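Peer 1: The lines below spell out each chain.
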Amino acid sequence: MIPLQHYLILSAALFCLGLYIVLVRKNAVAILMGIELILNAASIAFVAFSRFITPYGAGGIGGLVVPGAPAVGGQTFVIFVIIIAVCEAAVALAIILNIYQNFRTVDTDQTKGLKG
Amino acid sequence: MENYLWLIPVLPACGAAILLIIGRFLPKALVSILACGTIFTSFILSVITFIQLMGLPADHRVIHHVAYTWLQSGSFKAQAAFLLDPLSIVMLLVVTGVGFLIHVYSVGYMADDKRYSRYFGFLNLFVFAMLLLVSGDNLLMMFIGWEGVGLCSYLLIGFWFEKTANAVAGMKAFIVNRIGDFGFVLGVFLLFWSVGMIDFKGLKDAIHANPNLISSATATAIGILLFIGACGKSAQIPLYVWLPDAMAGPTPVSALIHAATMVTAGVYMIARMNFVYVLSPTAMMVVAIVGVGTALFAGTIGLFQKDIKKVLAYSTISQLGYMFLGVGVGAFAAGIFHLMTHAFFKALLFMGSGSVIHGTGGEQDIEKMGGLKKYMPVTFWTFFVGTLAIAGIPGLSGFFSKDEILWKAFSSTHGHWVLWLVGLIAAGCTSFYMFRLLFKTFFGKNYSELAHPVHEQEPSGIPVCCDDKNDAHNSRGHGGHGAHKGPAHESPWIMTVPLIILAVLSVIGGYVGIPAVIGGGNHIEHFMEPVFSAHQEAAVTHEGAPAEHHGPGHGTELLLMVVSVLVALAGISTAYYFYMVKPHLPRQMAEKFAIIYKLVFNKYYVDEIYQKVFVNNLLRLNNILAYKIDLGIIDWIVNITGLGAVKVSEGSGWTDLTFVDGAVNGTATTVLTGGKVARVPQTGKLKHYLTWAVAGAVVVIAGLWLLL
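Each protein sequence line maps, in turn, to chains A and B.
Reminder that position 82 of the first sequence reads as 81 in numbering that gives the first Met the number 0, one-by-one numbering, no gaps.
Reminder that position 498 of the second sequence reads as 497 in numbering that gives the first Met the number 0, one-by-one numbering, no gaps.
Chain B on its own, in the form it takes in the complex:
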């Protein structure tokens, strides 16, 4: 039954290969069908696998398929093998499902791009790498996928590379990710060094069989090193700076890579390595604190951003922080649950913003939008659903998953009420900035009445990608109107249908994980339980089980739930008051608290600090290395060595000339002299030869005469 398992990642790889090699010669329709078709087939295969997995008993829901042994060296063994268990199947479904919808959406969004087939080739390649990441059965396979998605991310951020800023944003993402990857690789090395294997199942069994296999200190080191990798990939403090800049890429790319799938790879990795993390409470604590810190930090930056995509980018960072908070307090299933719901509503929001950008001819500044509700009803309603979901309104998916994490942060043995409180404040920020975005974009003054002056320069000095967007869309001409001035219009059905599907998923996606306290079954947690078992029971209070554990009971959980809903509503009403009732209030407030506003608006100057502290010092170090160390010391050593070699070879040359050449020349002279002597009788005159012959005959005859 697992025979076709390898097809799931390989199909998009084939699609990518075809599109990247001969795609430019194919008609656009064929490119679209090929790109979407491979992903859709992978999705169908994933669904079939999921159904098969559900048919197995709960404790044996693991499909392990070895394609072939890739490397074997001594005790080290790396197989090209796939591991499908409840954790990876959820990831597979999210990646292929959301990936397919975004592919379809891209058909509309990228319709007029001149590098159409290359875009879909990269997108397919990305899905391939991501599927490898989530379905590989060992850390090496995961690492290949890990690097592959990083590469595709780089390629797609810089997709419109004509503009230097986009190319720079791509490089920034790549370099920051490299820093994280360095930690990840070190973590893998340390793990292999201490356990001697890298496949998940073997590691888990070994650690379960002997919990003292890894000392607590080693587990902490491994956990933190791997988490550094996760920080890079999933944009956590201090390596989050690349994600806002990554918005330079096409919007569907932001939706797929920088919101729904790739950036969640870090969360998946930590959930996958749960058996290591539970050995080290310190590492768990680091993950939880960094997660919740990022959630709040990015959430506050999101409050005052003007670029629609930047708001969503900081929101993504913030939501990723939630996921890390979840896995950091040992609630791995809750983290993955939030990952899944977030994939739905954040992909929806990004694609909604893409639809807005598309419909307004490349506008990204929310200050210049307004009243779009009238022009883009489908986009508005789906965006509204996504906003409600992310804000944590009861009944939508975001509420269940976010609340689950907050509750676990409060109640788990790894948790603490401070973590819960910070998370709660971040949740308030989330609902505020999301509704601010909604109000400014879709309500208020009419878009068409607003003049469109030259874009303001983003004050942080980080380049914005708006102009490039225009390049991509100008060719469209927007039905004869100017690219900027024309009235906003709804996007074509190929873009709105995925929006509607994702909106439905954003609503119902949470119902697989309704906590028991309000009458749900929390299916997803039970589904994933086998993956996180053996240590889980000790760490997290179970919903399903009676509250026999330590920690707060159902009453507290309900109370906290109500509190978080109230906070969300408070955020919404504040946003409503500021941006709908008194639209001039925000400006007055900004002037009043100018310092704080400037600080937050400029993203706490983190980019500038990094520039001063790291980049500049690195460049200075570079100069010292280049001009002092390299030119002064290394070149000196090289020159001295060179001089010595010249002297030695001079001596060697003298010996060569005198003795060796002497012998050779002597031989030659001898032969030459001999030749001169031998040449004397060779006169060339026939007469002389005949004389010699006659003389010889005479000698022979005389000799015979005398002898006989």
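Bound-form chain A, shown alone:
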């Protein structure tokens, strides 16, 4: 059985990769991809913790304890994260589209309208 640490290392690596992309890339779409990576890293961590830390029969959803049922709280969160990621992608793409229409570019170094 693969121990929890491996999952967490994968998750951390994925997170760092996403953060790196977010901080380094200039293209807004690429930044969006980095954010997706970060979200997936979080999802892996959720699932891993759900599997390893919470035993069968001790769980329930939202404090509702069902004897004998598997604890699925962490996995439920992942579902939410995926849904939110979808919504976020839709909204973010719309914003990027607007940025493009206003600035004729999606290079975040060029969009300096908020410079003080």
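There are no misleading hints in this set.
Straight line, CA to CA, 27 Å or less: simulated DSS-like cross-link-like pairs of lysine-lysine: (1) B:K611 - B:K162; (2) B:K581 - B:K444; (3) A:K111 - B:K686; (4) B:K591 - B:K581; (5) B:K367 - B:K162; (6) B:K686 - A:K25; (7) A:K114 - B:K686; (8) B:K162 - B:K27; (9) B:K305 - B:K581; (10) B:K373 - B:K581; (11) A:K25 - A:K114; (12) B:K684 - A:K111; (13) A:K114 - B:K675; (14) B:K113 - B:K27; (15) B:K444 - B:K372; (16) B:K675 - A:K111; (17) B:K305 - B:K372; (18) B:K367 - B:K591; (19) B:K76 - B:K200; (20) A:K25 - B:K684; (21) B:K367 - B:K444; (22) B:K597 - B:K305; (23) B:K684 - A:K114; (24) B:K76 - B:K203.
Hint data in this document are derived by calculation from the structure and do not stem from the laboratory.
In this text, all values refer to a predicted model and were calculated from it rather than measured experimentally.
Got chain A; can you put chain B on it based on the hints?
Peer 2: Chain B in isolation, oriented as in the chain A frame:
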């Protein structure tokens, strides 16, 4: 019963308001009906009031009606209130009655005027102001009316303002009246200062209760100040100069305002204030002397005037002098009696002259008239009656009232035989110039045969209004004839009927005051007695009472009466001799006594003297004030002050710039610098913000790590 009393003055006011605001859009017939109707209703109401007043016991014939309290300030109280007693009801009847007749006459006289509704609006406004003057119960109300009639007089004298001379005549009247009003106002102030009230009843009661309330000197001052006002309004020496010029107005206006009603306001005022005047024999004497002096002075000027209206104007001044002589010797009732009869016959004479002017196409020079008797029979006969009345022929109204005044001037304690003699000479002048006017206008050479050359310029330099009259009447065209050349014609019935009514009044008007000595009852004096009571008995000999007083008796009175009739007849026969028997004699006489003739003909050069002494000096003073005082001193002070202010503000400005602005700018600089520093991290680049956010997250996590 007094509920409708306020309607008497208010009705003409409503008429005036309607006519002046929307009158120009109304048809002429409606304007005429409105103007005459309001006055007629007021007249009817006055008659009803008179009847009610007669129903009261003699001592209680007073109706006092307070409309509302107008002003109240401390002890000062002015009410919009009306006082109707025998004195004011006589005035009310005269004003509304004669006023109504003149309104009706005006319908004919002004028929073709382009400002028809405005004329009647002014006329109604005048009647309103005059009614306020005579029916107000305090001096303030009287003063409003006093100023109101002055305003209307000004408006109507300058009614044909297209001609500068008419406008100037209006201004002259207004300014001369202002001088009088100044005295009047001062008199009212002095009276209020010394008694503390201004309503007639209160004043009278206070003075009767305590005759020492006003010292004799104060009473003299009040009396003379008020009399100055009366001089202005009633055209007495030295303020009479405006009245002859006032003839520039339409003739019915001359009849109503400058003969029958407004100019008698001064006489009414003195009669109303009798309780003050009896306290001061000096003031009474001044009034009597000025009155009789004016009577003679104006009478002599009237002897040689050529303008038909000017003769009547000087005659009016002269007759007003009689009234002042009457009230000045304490014969208040006689003065008012003469006022009333004079209103009848002088309105008649003026309207007769208007009819003549109307019928001859605007002619006013009596030298160019003659033989009009044939063409204008109604005008002639009514004019003849008026002339007889003013000349003092026994049996007509003027005889009774004039003789009453002359008798009182002789017999009263305030009187003197010199006053009587001067009055008598003036009476002779009156009958002479009136019959001269009559003979020259209606007899002698035929009007139509006389050529009508260009009008002579009036020698005094005072502009005449004849030409303007022509303007007003030319439009008529006089039945296809030229305005000047056409034969004279009688005026329409709407003008002659008022003449006839006034002629009847001129005859019978005197019968209310026939003196006891020739078997009359002298009703008017008894009627007015309550108004002038309490002091009257001491001052004037009573006709009704047996001659137990000092002073001359009935024999003397009859003798004096005969003398005055003889003087009147002498005046008439002299006029007849000069102008009918030997028409060339006057010219020869004029050449023989050229200096005197010129002096009198030019009205003693009073206008010229006033021009030189007052107007020119006033203008000179004006120039000194304007260019020396104002430019030299006042402007200098103003400039110095201005310079000082500039210096002070310069200092103030420096302080402002240095300290106040410094503080403000310092604050701003500080904020600006802070802003520059704070702007550094705000690059606008998304990458930098994210870096800051990550760095922050790292710090937070590290901090939590270390703490936990």
